[in-house]
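Since chain W is already given, all that's left is putting chain E on it; use the hints.
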Amino acid sequence: EPEVTQTPSHQVTQMGQEVILRCVPISNHLYFYWYRQILGQKVEFLVSFYNNEISEKSEIFDDQFSVERPDGSNFTLKIRSTKLEDSAMYFCASTSWGAEQFFGPGTRLTVL
Amino acid sequence: GESVGLHLPTLSVQEGDNSIINCAYSNSASDYFIWYKQESGKGPQFIIDIRSNMDKRQGQRVTVLLNKTVKHLSLQIAATQPGDSAVYFCVSRLKGAQKLVFGQGTRLTINP
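Respectively, the protein sequence lines represent chains W and E. For the first sequence, the residue numbers in the working numbering are 1 to 112. For the second sequence, the residue numbers in the working numbering are 1001 to 1112.
Here are the in silico distance ranges between beta carbons for each label pair:
{"id": "1", "chain 1": "W", "residue 1": "Q14", "chain 2": "E", "residue 2": "Q1058", "range": "47 to 55 Å"}
{"id": "2", "chain 1": "W", "residue 1": "E85", "chain 2": "E", "residue 2": "N1067", "range": "32 to 40 Å"}
{"id": "3", "chain 1": "E", "residue 1": "P1009", "chain 2": "W", "residue 2": "Y50", "range": "32 to 40 Å"}
{"id": "4", "chain 1": "W", "residue 1": "T5", "chain 2": "E", "residue 2": "G1059", "range": "24 to 32 Å"}
{"id": "5", "chain 1": "E", "residue 1": "D1055", "chain 2": "W", "residue 2": "N51", "range": "31 to 39 Å"}
{"id": "6", "chain 1": "W", "residue 1": "L84", "chain 2": "E", "residue 2": "P1009", "range": "25 to 33 Å"}
{"id": "7", "chain 1": "E", "residue 1": "T1069", "chain 2": "W", "residue 2": "P8", "range": "42 to 50 Å"}
Straight line, CA to CA, 25 Å or less: simulated DSS-like cross-link-like pairs of lysine-lysine:
{"id": "8", "chain 1": "E", "residue 1": "K1068", "chain 2": "E", "residue 2": "K1056"}
{"id": "9", "chain 1": "E", "residue 1": "K1095", "chain 2": "E", "residue 2": "K1056"}
{"id": "10", "chain 1": "W", "residue 1": "K42", "chain 2": "W", "residue 2": "K83"}
{"id": "11", "chain 1": "E", "residue 1": "K1095", "chain 2": "E", "residue 2": "K1071"}
{"id": "12", "chain 1": "E", "residue 1": "K1042", "chain 2": "W", "residue 2": "K78"}
{"id": "13", "chain 1": "W", "residue 1": "K78", "chain 2": "W", "residue 2": "K57"}
{"id": "14", "chain 1": "E", "residue 1": "K1042", "chain 2": "W", "residue 2": "K57"}
{"id": "15", "chain 1": "W", "residue 1": "K42", "chain 2": "W", "residue 2": "K57"}
{"id": "16", "chain 1": "E", "residue 1": "K1095", "chain 2": "E", "residue 2": "K1068"}
{"id": "17", "chain 1": "W", "residue 1": "K42", "chain 2": "W", "residue 2": "K78"}
{"id": "18", "chain 1": "W", "residue 1": "K42", "chain 2": "E", "residue 2": "K1095"}
{"id": "19", "chain 1": "E", "residue 1": "K1071", "chain 2": "E", "residue 2": "K1056"}
{"id": "20", "chain 1": "W", "residue 1": "K42", "chain 2": "E", "residue 2": "K1068"}
{"id": "21", "chain 1": "W", "residue 1": "K42", "chain 2": "E", "residue 2": "K1042"}
{"id": "22", "chain 1": "W", "residue 1": "K57", "chain 2": "W", "residue 2": "K83"}
{"id": "23", "chain 1": "W", "residue 1": "K42", "chain 2": "E", "residue 2": "K1071"}
{"id": "24", "chain 1": "W", "residue 1": "K57", "chain 2": "E", "residue 2": "K1095"}
The set of hints was computed from the structure by calculation and includes no laboratory data. Note that the coordinates shown come from a computational prediction; the quantities given were computed from them, not determined experimentally. Glycine residues also receive a C-beta, built at the ideal position from the N, C-alpha and C atoms.
Chain W with its partners taken away, still in its complex shape (with noise of 0.2 Å):
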């Protein structure tokens, strides 16, 4: 059964760098989604994406973000300056037609 996959399952860095977390969606999905889990709250909305443009971002999702489908088969989240509050599970979801969205295993983004 196809999965979404994303790429690493756990990052560390230190405040102030940049992170790329990497997804590769189901591949014959359009829409494309980033969320994230902060350790032991609920699980929120950052971003969507069709058709190579943002169709959808939350408040969280400020100048710091920026996403990109740089291939075919790639979704990357970039965070260009973490700071701290930014440690979280990051989940990446596709679908193909805009309901039921599935999800990748995440990333364990953690800020020192």
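Here is chain E on its own, set in the frame of chain W:
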């Protein structure tokens, strides 16, 4: 906006019993609802969904009930098994929007 709340943060049931997890949402403009299951260290996994033009939907051992009058959603799991132990998220989506709004989650524990 939309917010989603669960009635109980934890639920403990005996193996073989039925489980009911309840949820309330705030925005009557929500038109799509999903229950996700999250096991430790994994991403949210789709269980079942329901659109606002329905009031009941059944899957394998799971049933979702939607009461739009009181903005209430429930997930029923029949004959609960140890593998059902997880955190269950009630999720909604506003009509025309892409983002999913997650509730806080209910941790379901199965007692042998």
